[in-house]
Amino acid sequence: MADTLNRLTEVFHDVFDDDDIVLTRQTTASDIEAWDSLMHVTLMLQVEAAFGVRFSSSDVTGLKDVGQLVDLIDAKAGR
Amino acid sequence: MSFVDTSFVGFFAVVFAVYWLLASQRRLQNVVLLLASVVFYAWIHPWMAFLLLGSALLDYVCALRIADHREHGNRWMVVSVVGNIGTLAFFKYNDFFVASTADALSAMGFAVHTHTLGIFLPIGLSFYTFQTMAYTIDVWREQLDVRRDLLDYLVFVCFFPQLVAGPVERASNLLPQVEQPRRFDVDQIASGLGLALFGAFKKVVIADTMAPYVNAIFAVPEPSWAMIWAAALGFTIQVLADFSGYTDMARGCARMLGFELMENFDHPYLATSPMDFWRRWHISFSTWLRDYVYMPLSFAPWVRRWLTIPGTGYWTPFWHTARALTITMFLSGLWHGSTWNYVVWGLYYAVIGTAWVGIQQRVPRKTRKSRDWRPVLVPTMFVFTVMGMMIFREPSVARVIQHFFSNPFAGTADQWLIAGSMLAICAAGAVPMIGFLLFDLYVRPHVQDHPWFLPVRTASWTIAVICLFVFVRPTQEDFIYFQF
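Just so you know, the protein sequences line up as chains A and B, in that order.
Residues in the first sequence are numbered consecutively from 1, following our numbering.
Residues in the second sequence are numbered consecutively from 1001, following our numbering.
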């Protein structure tokens, strides 16, 4: 799970073009200025590519924080 | 009955009084709200109240079916979407499709005799069908509990302050408020009254005063470049004053009844990019498109099959954005109206939005972060907004092209004079709008608790009321967004 969070942090650094982002399970979209709805879609597509998983639209609209995203990735990847 | 009719003031006063007399009885209050909403709507189109109730009932039944029989959930979701889109298509696009098909056929040399039905668009249809459809989709997605209380549900759909032109409320925001007791709070009512009053000011004093000049120039068969672009600038100011004024009145009236509706505008002309503009303009509609069109499209398997990165099955973010934005903005354009200029307008935002994403990816981060680019980006985006408004306002696409490519320096002395006068009117309209903006950004946050707040507020309300009496005209313009 810690591994997922670390790899996810790298994806965030790439997508938001900002190496200073520090992710915790409690991080939400309001903590990262550029994380809006359009970026959310881009982010989710990059996460899919990085982890080799597939999301559905209901998966990605229901997320409340990074913790839920980590759990979703782990569930999809069968970890 | 429109918000700026004197009859509405009387209507609202009666509803307000009866509603708060029943303060401790939420069910009775909701009965009052439902009756008031039906009267409000039937005042405009007596028979169309049945359409409103029919559309509401369709989604009430579909959502119940979905909740009770999950195994048939998809079927009932499709019934809701087809029912709503079908109603919208029939009333809004029937004539458009018939006329467009006939045009296309006659362009190919076929002789066509058409009969458009001359159907008129029931006011608010585009807004309330979207609201009820979203309710059903939320229940289907299991993001919202189904509602079994018909009265509460009908109040959510028919709530008159936001019935005819939004904000397109989400069930998750409005329904819980309908289901909770409302508290009589003088401060809240005063704040709602102020919001509604300045909303009326924006509409009557700014938008309706500019409208005749803008309309006159757009009606000229061959305007000069300077004239038409001055009018486009005028329309840019007018449409914001009109629509945000309407929204303020809707939110103000709702607040006086104890409801908080969602924000619809966040200073859209301060946007720094096309995406940013859509985050700030008609927010309730753009977030609707995001949640119910853009998101599902982005992850729908049938869309994902096209044009993925070879060998991976994934999209690059750039092409993903281009594709999803094009489809979403095309639908947004089509929602706005049944003429081609709205479609072109939607596609225009898709093109500049995609271009913006492309530019952003190519500019190194160091350059982007080296300084605050807003002083450059805001005026640049404003120019693109005015160009967008030109496409939005001019129904003929051929004329739009002509306006973009005509000689900027051509024009007779009279035409230059008209252009100059139009610019002066723009300035006169912009001054109060900029005043509101500066007040919102810099003054309001600091004065709320100041001892001077109350007298200054009373004085400003008095001035607003006097202005309303001075500027109100018998031939009031309809709200621009009523036609959508």
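There could be a bad hint or two in this list.
Simulated restraints, written as ranges between beta carbons of each label pair [stated by the list, open to error]:
id: 1; chain 1: B; residue 1: D1449; chain 2: A; residue 2: N6; range: 55 to 61 Å
id: 2; chain 1: A; residue 1: T24; chain 2: B; residue 2: V1397; range: 50 to 56 Å
id: 3; chain 1: A; residue 1: H13; chain 2: B; residue 2: A1102; range: 31 to 37 Å
id: 4; chain 1: B; residue 1: I1044; chain 2: A; residue 2: G62; range: 35 to 41 Å
Short, incomplete list of chain B residues facing chain A, as computed with Cβ under 8 Å [unchecked claim]:
id: 5; residue: V1146
id: 6; residue: T1272
id: 7; residue: H1320
id: 8; residue: R1365
If you want the ones that stay clear, here's a sample from chain A, every Cβ over 12 Å from chain B, calculated [what the hints assert, rightly or not]:
id: 9; residue: D3
id: 10; residue: R7
id: 11; residue: V22
id: 12; residue: T24
id: 13; residue: D31
id: 14; residue: L38
id: 15; residue: S56
id: 16; residue: V70
id: 17; residue: D74
These are calculated hints, taken from the structure and not from any lab test.
For each residue, glycine too, the CB sits at the ideal point set by N, CA and C.
Quick rundown of the hints versus the structure:
no., hint, in the structure
1, B/D1449 <-> A/N6: 55 to 61 Å, "violated (47 Å)"
2, A/T24 <-> B/V1397: 50 to 56 Å, "holds (51 Å)"
3, A/H13 <-> B/A1102: 31 to 37 Å, "violated (55 Å)"
4, B/I1044 <-> A/G62: 35 to 41 Å, "holds (38 Å)"
5, V1146, "violated (17 Å)"
6, T1272, "violated (12 Å)"
7, H1320, "holds (6 Å)"
8, R1365, "holds (5 Å)"
9, D3, "holds (21 Å)"
10, R7, "holds (16 Å)"
11, V22, "holds (18 Å)"
12, T24, "holds (24 Å)"
13, D31, "holds (18 Å)"
14, L38, "violated (6 Å)"
15, S56, "violated (6 Å)"
16, V70, "holds (19 Å)"
17, D74, "holds (19 Å)"
Checked against the numbered hints above, the structure violates hints 1, 3, 5, 6, 14, 15; every other hint is satisfied.
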